[in-house]
Structures are given as C-alpha cells and as structure tokens.
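Starting from the given sequences, assemble the full structure and let the hints guide the process.
Residue numbers (this note's numbering), protein chains in the order written: chain U, 57 to 146; chain C, -11 to 120.
Worth flagging that the hints you see were computed from the coordinates, not collected in a lab. Just so you know, even glycine gets a beta-carbon here, dropped at the ideal spot from N, CA and C. One or more of the hints may lead you astray.
To be verified - Where chain U lies over chain C, by a calculated footprint (3+ residues, C-beta under 8 Å):
no., region
1, 13 to 19
2, 27 to 37
3, 82 to 94
Said to hold, decoys possible - Simulated DEER-style distance windows between Cβ atoms:
no., chain 1, residue 1, chain 2, residue 2, range
4, U, Gln63, C, Asp103, 25 to 31 Å
5, C, Asp103, U, Thr98, 44 to 50 Å
6, U, Arg85, C, Gly32, 55 to 61 Å
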Amino acid sequence: MPASFEQEITLTGDLHARPAGALAVAAGRFASVINVTVGGRTVDAKSVLSVMGLGATSGQDVTVSAAGPDAQEAVAALVAILGEATKVGG
Amino acid sequence: MTTASVGIVLVSHSAELAEGAANLAGQVSGGTVTIVAAGGTDDGDLGTSAAKVSRAIRQADQGAGVVVLPDLGSAVLTVRAVLEDYGSANGVLLADAPFVEGAVAATVIAAAGGDLKAVAAAAEEARHARKL
Chain U
57 MPASFEQEIT
67 LTGDLHARPA
77 GALAVAAGRF
87 ASVINVTVGG
97 RTVDAKSVLS
107 VMGLGATSGQ
117 DVTVSAAGPD
127 AQEAVAALVA
137 ILGEATKVGG
Chain C
-11 MTTASVGIVL
-1 VSHSAELAEG
9 AANLAGQVSG
19 GTVTIVAAGG
29 TDDGDLGTSA
39 AKVSRAIRQA
49 DQGAGVVVLP
59 DLGSAVLTVR
69 AVLEDYGSAN
79 GVLLADAPFV
89 EGAVAATVIA
99 AAGGDLKAVA
109 AAAEEARHAR
119 KL
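Encoded structure:
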C-alpha cells in the first residue's frame, strides 16, 4: 500500500498558463500519482492541459493529493509552487 | 536532471505561428527544453521548407531524440521527406497532434524528463484535452 498524502491551499492568483506549466513540470518529476482538485473537479497534475482546463481562480481552494513512493514530497513541492506561482499570474 | 531533454520541432506554414508557439511552449515549460521553430518557406512565404525542417531537427537534438509537430496536413509531407533523408525513425518521432496544445503538452513532459515516447504521447493525447 503506497503512502498517500493531501493538502489544501487557497490560491492567491489565477492558475494561468505559466503557473500551470510550472506545476505540471514539477509533478512530472515525481513517481507518485498526483491529482489536483478544484471545485469538485479532479485532474492529473502531470497534464498541463488538464490543469489549465480547471480554470482555477484566485480565492479558490485547491487540493493536491498524491499516492506513491514520493507522495509526501510531491504534495509539499506542488503546494509550494501553487503558493508562489499564482502570485505572479501569466 | 543530468540527462538531456527531448527536443521539440514545430513545423508551421507560417514562420510567425511556429515562432509564437515555440515562445509560448517555452514560457509555459520554464525554458529548459530546446524548441526550434521551422515555419514558412525559404523565401519567407507561407509554406514549409525541407531545409528549415532538416536544420531544426539537427538543432533540437540534444541526444535524447526529437518530437516533430506539424501544423496542417501538408507540413506532414515535408517532414516525412526530411525524415527519409535523415535516416528516419532513429530518435525522431512525428506526432499527430493539435499544434498549440501538442507543443505545450509535449514540452512540459520533456521539461519533466520524459523520454521520446512519453513526449510524443503527451503531444498526441493533447487532442483529448477539454478547454471548457
């Protein structure tokens, strides 16, 4: 049974193309299965087009969940990226 | 990541479209992947150029292979002609994908360290992504 972790963060900016790209690039470096959930929709964090398709905006709560050998590190890394990247937009 | 990323070649009938898509994909993926635009004819008109495509493939190849995305059907003819001369198959994959979405998805997977097959698959899966 692989470890699974999840954490929620409130966006401080919209999840535009560049932050979505940063999220997906980082997610792709982990072995775990990683999902991002916003407003009841869950997508694969490694798919940049799916993450962009969420259309997540400032003030929305995003849940990052991961299951696998590096799940804890993955959740921590992606939450940090969401916190930083959505400050600048783009 | 110590190994080289898969390179991306964007073949468009329009030089501006190829450059713009390369710029967008580079910005979204963080700028670590070699993306080469091959748009327009040798005279700068709308169309595709075997010489430009050939140069672009060589330039994009960092040792991990190259995924080539054509914008419209007839660009495929140019790419195929180049690949026949290039020694084909070895390390170069032609992706059947939507141009902008495929470029962005492929480049992000390349930036994350994906191999040639994974990068080409990401481009091709882009046709299923919903925008709305």
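Hints and how they fare:
no., hint, result
1, 13 to 19, "holds (count 4)"
2, 27 to 37, "violated (count 0)"
3, 82 to 94, "holds (count 3)"
4, Gln63(U) to Asp103(C): 25 to 31 Å, "holds (30 Å)"
5, Asp103(C) to Thr98(U): 44 to 50 Å, "violated (27 Å)"
6, Arg85(U) to Gly32(C): 55 to 61 Å, "violated (40 Å)"
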